[in-house]
Amino acid sequence: MPMTAIHTPTLGQIHALLAERGFDVSESGPDTLKITEVHSGVSLQAVLQGEILFFSLTCTVVAEEAITPGLLAQMLAADNGIHTSHFQLYDAGEGKVAITLANFCKLQEMGPDDEDDILSCVHFLLVDVMTARHLLGSLES
Amino acid sequence: MPFLSDIFGRMGRVARGSANQGVDALEDAHFESTVRQTVADMRTELNKVINASAMAMSNYNRLDAEYQKYLRQSQEWKDRASLALDAGKEDLARQALARKSECDQQSASMQQGVEAAHATSEKLKAQVTELKRKIDEGERTATTLVARKNAAEAQRKVAEAMSGVGSADNAFSALKRFEDTVSKEEATAQAYDQIAATGKDENLEAQFAALGSHSVDSELAALKAERLQKANPAPTFPPKSLGPGESIATEAGGGKAGA
Numbered sequence: 001m002p003m004t005a006i007h008t009p010t011l012g013q014i015h016a017l018l019a020e021r022g023f024d025v026s027e028s029g030p031d032t033l034k035i036t037e038v039h040s041g042v043s044l045q046a047v048l049q050g051e052i053l054f055f056s057l058t059c060t061v062v063a064e065e066a067i068t069p070g071l072l073a074q075m076l077a078a079d080n081g082i083h084t085s086h087f088q089l090y091d092a093g094e095g096k097v098a099i100t101l102a103n104f105c106k107l108q109e110m111g112p113d114d115e116d117d118i119l120s121c122v123h124f125l126l127v128d129v130m131t132a133r134h135l136l137g138s139l140e141s
Numbered sequence: 001m002p003f004l005s006d007i008f009g010r011m012g013r014v015a016r017g018s019a020n021q022g023v024d025a026l027e028d029a030h031f032e033s034t035v036r037q038t039v040a041d042m043r044t045e046l047n048k049v050i051n052a053s054a055m056a057m058s059n060y061n062r063l064d065a066e067y068q069k070y071l072r073q074s075q076e077w078k079d080r081a082s083l084a085l086d087a088g089k090e091d092l093a094r095q096a097l098a099r100k101s102e103c104d105q106q107s108a109s110m111q112q113g114v115e116a117a118h119a120t121s122e123k124l125k126a127q128v129t130e131l132k133r134k135i136d137e138g139e140r141t142a143t144t145l146v147a148r149k150n151a152a153e154a155q156r157k158v159a160e161a162m163s164g165v166g167s168a169d170n171a172f173s174a175l176k177r178f179e180d181t182v183s184k185e186e187a188t189a190q191a192y193d194q195i196a197a198t199g200k201d202e203n204l205e206a207q208f209a210a211l212g213s214h215s216v217d218s219e220l221a222a223l224k225a226e227r228l229q230k231a232n233p234a235p236t237f238p239p240k241s242l243g244p245g246e247s248i249a250t251e252a253g254g255g256k257a258g259a
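In order, the protein sequence lines correspond to chains G and P. Residue numbering for the first sequence follows the numbering used here, beginning at 1 and increasing consecutively. Residue numbering for the second sequence follows the numbering used here, beginning at 1 and increasing consecutively.
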């Protein structure tokens, strides 16, 4: 397969797709979407970089000390119930850490397969965050 | 192909997010186009090798055809010499063998060239195969590297956004607020149910029931009066002449002010 130029998906196409499916979507940056599930208010962000659409959902923000080895073991355990996304930790500043769930898809020309990938990624995160909440219940104050 | 391994090696390090002083900013900024250009260069090289291979094969085919021709002719002259001997014509056989010798000399002189052409052709065909394999591998590597680089870049942007994220701006908080809202709504609904169940005033209910029956009695009386009126219609009078300033509306006491 030759590496010919393809029609790179645009943020507007993804915005329109998700808005059409009932999400509250706003463009929080030139290549970033904020996607909110309107009933629960849970929001996530999507960053489009080339053909890569990277999704990230902030579960919670905790003090660094809360990230114990036991907690990390739970987050990394293969049988922790989170199968369609993965945990990532980000420095949130001021001694705090953002625990996020992330996944991504590689888009092609925004055909039906790409649309399915995008919606699946969003749904996976919204499902996984429920499991994550149960898993990390001790962090909720 | 050392330049390939070199450039992919350097880009691999970029994709892994490691700072590589050897990769300048321009190359980093045009990472994808650089990778694609590398593969395009490989394709250009492939085309050159394919052309060279085609020419070598063509050269070999031409030489081999000529070589085979001399071999055939040599065999033919040998056969003719045998025929001449069978016919008892030794001079003719001698001439035929002389021609065979010429053909043998020609084929002998060509043999080395033909073998060399064959070797060159085979070598170039092998190069084409190997280059195609490397291009396939290069394209896969390039696609993967570009995807990894883009994913790393997207992740960096997420990290930047995270640096200012508020403690309440997260999914668990949103879910907690959602649950609280649902709980409040459920509590409110439950309260209304309780009010409806325990706040019934029997006296009030009885009064409304009486009002309801009173209303039916009134309607019954009105219906009876209407029927009676139809049975005994009232006498008609000529219309009263209206005085100055009087109107039918005024007469009827109508008007919307204050409504």
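In short, the hints are calculated from the structure, not lab data. None of these values were measured; they are calculated from a predicted model. Ideal Cβ placement from N, Cα and C applies to all residues, glycine included. Some hints here could point you the wrong way.
Claimed, not checked - Listed next, with one range per pair, are the computed distances between beta-carbon atoms: (1) G/G22 x P/L220: 52 to 62 Å; (2) P/Q37 x G/E109: 47 to 57 Å; (3) P/I195 x G/T131: 32 to 42 Å; (4) G/L72 x P/S33: 31 to 41 Å.
Stated by the list, open to error - Derived DSSO-like pairs: lysine-lysine, alpha-carbon spacing no greater than 30 Å straight-line: (5) P/K89 x G/K106; (6) G/K96 x P/K157; (7) P/K100 x P/K89; (8) P/K184 x G/K106; (9) P/K184 x G/K34; (10) G/K96 x P/K176; (11) P/K100 x G/K34.
To be verified - Take a look, some chain G residues computed to stay more than 10 Å from chain P by CB distance: (12) T32; (13) S40; (14) A73; (15) A98.
**Request:** Provide an ascending list of the numbers of those earlier hints which the structure does not satisfy.
**Result:** 2, 5, 8, 11, 12, 13 and 15
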